[in-house]
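These protein sequence lines are chains A and B, in that order.
Each residue of the first sequence is one higher than the one before, counting from 240 in the numbering used here.
Each residue of the second sequence is one higher than the one before, counting from 9 in the numbering used here.
These are calculated hints, taken from the structure and not from any lab test.
Treat each hint with caution, since some may be false.
To be verified - Each computed SDA-like pair below joins lysine to any residue, with the alpha-carbon atoms no more than 20 Å apart:
id: 1; chain 1: A; residue 1: K288; chain 2: B; residue 2: K55
id: 2; chain 1: A; residue 1: K287; chain 2: B; residue 2: K55
id: 3; chain 1: A; residue 1: K317; chain 2: B; residue 2: F119
id: 4; chain 1: B; residue 1: K88; chain 2: A; residue 2: K252
id: 5; chain 1: A; residue 1: K288; chain 2: B; residue 2: T128
id: 6; chain 1: A; residue 1: K252; chain 2: B; residue 2: R77
id: 7; chain 1: A; residue 1: K369; chain 2: A; residue 2: A348
id: 8; chain 1: A; residue 1: K502; chain 2: A; residue 2: H459
id: 9; chain 1: A; residue 1: K478; chain 2: A; residue 2: N519
id: 10; chain 1: A; residue 1: K409; chain 2: A; residue 2: P290
id: 11; chain 1: A; residue 1: K287; chain 2: B; residue 2: P124
id: 12; chain 1: A; residue 1: K507; chain 2: A; residue 2: V535
id: 13; chain 1: A; residue 1: K369; chain 2: A; residue 2: M349
id: 14; chain 1: A; residue 1: K409; chain 2: A; residue 2: C384
id: 15; chain 1: A; residue 1: K287; chain 2: B; residue 2: L85
id: 16; chain 1: A; residue 1: K317; chain 2: B; residue 2: F75
id: 17; chain 1: B; residue 1: K55; chain 2: B; residue 2: T128
id: 18; chain 1: A; residue 1: K478; chain 2: A; residue 2: L417
id: 19; chain 1: B; residue 1: K55; chain 2: B; residue 2: L167
id: 20; chain 1: A; residue 1: K288; chain 2: B; residue 2: T76
id: 21; chain 1: A; residue 1: K288; chain 2: B; residue 2: L167
Claimed, not checked - Footprint (simulated), chain A over chain B, 3 or more residues, beta carbon under 8 Å:
id: 22; region: 53-60
id: 23; region: 66-74
Nothing here was measured: the structure is a model prediction, and the numbers come from that model.
Cβ coordinates follow ideal geometry from the N, Cα and C atoms, glycine included.
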Amino acid sequence: MSYRQNIQLTADKNLKHFLSIEGLPRAMLMQILDTAETFSSVGERAVKKVPILRGKTIVNLFFENSTRTRTTFELAAKRLSADVLNLNIAMSATSKGESLLDTLSNLEAMQSDMFVVRHAQSGAAHFIAKNSPEHISVINAGDGCHEHPTQAMLDMFTIRRHFGDFYPLKVAIVGDILHSRVARSQIHALTTLGANEVRVIAPKTLIPANIESMGVHVYHDMRKGLTDVDVVIILRLQKERMGGAFLPSVQEYFQAYGLTEEKLAYAKDSAIVMHPGPINRGVEIASSIADGPRSVILEQVTNGIAVRMAVMSMTMGSYSAPLSTDQSLSANKRGASS
Amino acid sequence: MTSYDLEAILDEMADNLKARFPTGLNDEPLMIGIHTGGVWVAEALHKRMGLSAPLCTINISFYRDDFTRIGMHPQVLPSKVHSNVEGRAIILVDDVLYTGRTIRAAINEIFDYGRPGSITLASLVDRDGRELPMQADIVGLHMTLEADQQVKLSGPSPLELSISGGSD
C-alpha cells in the first residue's frame with residue numbers, strides 16, 4: 240500500500256487516524272511507543288492530568304460491548320483533559336433505526352473532534368474515517384476480525400519495556416488466531432518492528448489459511464511452538480466459538496493449548512506471559528500462571544492508558560487549522576526556545 | 009560573530025543563586041531544568057552549586073499553548089521530577105527567556121507535581137519580546153535582538169550560543 244493513499248497519514252506523514260497497524264511504517268510505530276513512554280510518567284504524578292487536549296470532545300462510539308478498552312480510552316482522554324462522551328450505540332439510536340451516517344452527522348453537529356470506534360464489522364472505523372469531516376480523527380478500538388491496533392501497540396510497549404528491543408525476540412501467539420483482530424494487529428506490529436520470529440500456535444480449525452504470508456510460523460503443538468520463545472501471548476478463547484465446529488470441548492482445549500507450568504517450561508526462563516484480557520482461567524491459561532511472576536497482564540492494562548494517550552494526542556495534533564498571518568508570525572518565533 | 013564566555017557567565021549565575029540560597033538552609037532548593045537547552049544550563053548550575061537533591065527535568069510539550077497548531081513534537085523526552093515538590097523552594101532553569109510562554113507552561117506543569125513553596129527563575133539569556141508577564145530572577149546575559157533573529161543554545165558539551173536570522 241502506498242503511504243500517499245493511506246488515509247491514516249497526513250500529506251506530511253503525521254498520524255491523522257489510527258485504524259490499522261498494517262500500512263504504518265516502523266518509524267511511526269516507534270514514535271507512538273516513544274510518545275507513550277513520556278505519557279506513562281503522567282500516571283505516576285500527584286495530578287494525573289495534562290492540559291494538552293483541553294476543550295476537545297472525544298466520543299467513544301462502541302457498537303460492541305467492551306469494558307477494559309472503553310474505560311482505558313476514557314481514562315486516557317480524561318488524563319489529556321478532553322471531554323468524553325460514552326455512547327453505547329447498541330442500546331441507543333441505531334436500535335431505533337437511525338443509520339450509521341445519520342448518527343455520525345449528529346455527533347459532528349455536537350462539535351466532536353474524535354471518534355473512538357468499536358464495531359463488529361471489519362472496516363467500520365475505516366468507513367467512518369472516510370465519511371467524517373477533515374477535522375475529525377478516528378481511532379479503531381477493534382473492528383470485527385480485522386484489527387485492534389491500540390491493543391497491539393500496548394502489547395509492543397509492554398514487550399519493549401521488558402526487553403528493550405524487538406530484533407532478538409521470538410514471540411508466540413497462542414489461541415484463536417482465525418477470529419482474533421488482536422492477533423492480526425500484533426502480527427503486523429511485530430513483523431514491522433522487526434521481531435526475530437513470530438509464531439502462531441493453535442488447532443488447525445483456528446488458523447486462517449495462508450497465514451504464513453504474514454511472515455509467521457505455524458505450530459499445532461504447544462510444546463514445540465513454545466520452545467525458546469521470549470514472549471508468550473495467550474488469546475482469549477471466545478465462548479461463542481466453543482461447542483461448535485471449531486473445538487471439541489473446553490477441557491480438551493485446555494489439555495492441548497491451555498498454558499500450564501509444564502508447557503511454559505519450554506519457553507526461555509526470562510519469558511513473559513501476556514494476555515489481552517478478559518482471561519478465562521482454566522480455559523486458555525492456568526490461574527497459577529495468570530497470577531504468577533512471569534505474567535505481565537496487569538502491566539498491559541496500565542500501559543494501555545499511556546499508549547492510548549499517545550495515539551490520541553498524536554492524531555489530534557496532526558490537524559492544524561489554517562494559519563492567519565498573525566499566527567504564522569508567532570509560529571515563526573517559536574523556533575527559538577521562548 | 010560574537011562569542012560568549014559561557015563558563016564565566018555560568019559561574020556568575022551560580023554565585024548569584026548561592027547568595028539567594030545560602031548553604032545550611034533546612035530546605036535545600038530543588039533545581040528543575042526545562043528540556044532541552046534548559047537542562048544543559050541546569051546541569052552546569054547544579055554542579056557548580058553542589059546541590060545534593062538530584063536535578064529534575066521537565067518537558068513542557070503537553071502544556072504548550074500552540075499544540076493544536078504544531079502538534080506533538082516527535083522526540084519528546086519524559087519529565088523526571090523524582091523529589092517531592094510540595095512546599096519546596098524551586099529553581100527553574102531555562103536557556104532563553106523570550107516570549108514567556110515556555111515558563112508559563114513549565115510553572116503549570118510544576119504545580120501538577122505539588123504546591124511549591126516558591127519558584128525562582130534562572131535563565132542563561134534574557135532577550136526582549138515578552139508576550140507574557142514573566143521575568144527571570146537570575147540572568148546570565150541580556151540581549152536585544154531583531155524580531156526575526158533567533159538565539160539558540162547548542163550543547164551539551166561544549167555549550168555554545170549562536171544568533172541566526174536578521175539582516176546581517
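Evaluated hints:
| no. | hint | in the structure |
| --- | --- | --- |
| 1 | K288/A / K55/B | 32 Å, violated |
| 2 | K287/A / K55/B | 31 Å, violated |
| 3 | K317/A / F119/B | 18 Å, holds |
| 4 | K88/B / K252/A | 30 Å, violated |
| 5 | K288/A / T128/B | 24 Å, violated |
| 6 | K252/A / R77/B | 16 Å, holds |
| 7 | K369/A / A348/A | 17 Å, holds |
| 8 | K502/A / H459/A | 13 Å, holds |
| 9 | K478/A / N519/A | 9 Å, holds |
| 10 | K409/A / P290/A | 39 Å, violated |
| 11 | K287/A / P124/B | 17 Å, holds |
| 12 | K507/A / V535/A | 15 Å, holds |
| 13 | K369/A / M349/A | 19 Å, holds |
| 14 | K409/A / C384/A | 24 Å, violated |
| 15 | K287/A / L85/B | 18 Å, holds |
| 16 | K317/A / F75/B | 17 Å, holds |
| 17 | K55/B / T128/B | 18 Å, holds |
| 18 | K478/A / L417/A | 14 Å, holds |
| 19 | K55/B / L167/B | 15 Å, holds |
| 20 | K288/A / T76/B | 18 Å, holds |
| 21 | K288/A / L167/B | 34 Å, violated |
| 22 | 53-60 | violated (count 0) |
| 23 | 66-74 | holds (count 6) |
The structure fails hints 1, 2, 4, 5, 10, 14, 21 and 22 (numbered hints given earlier, in ascending order).
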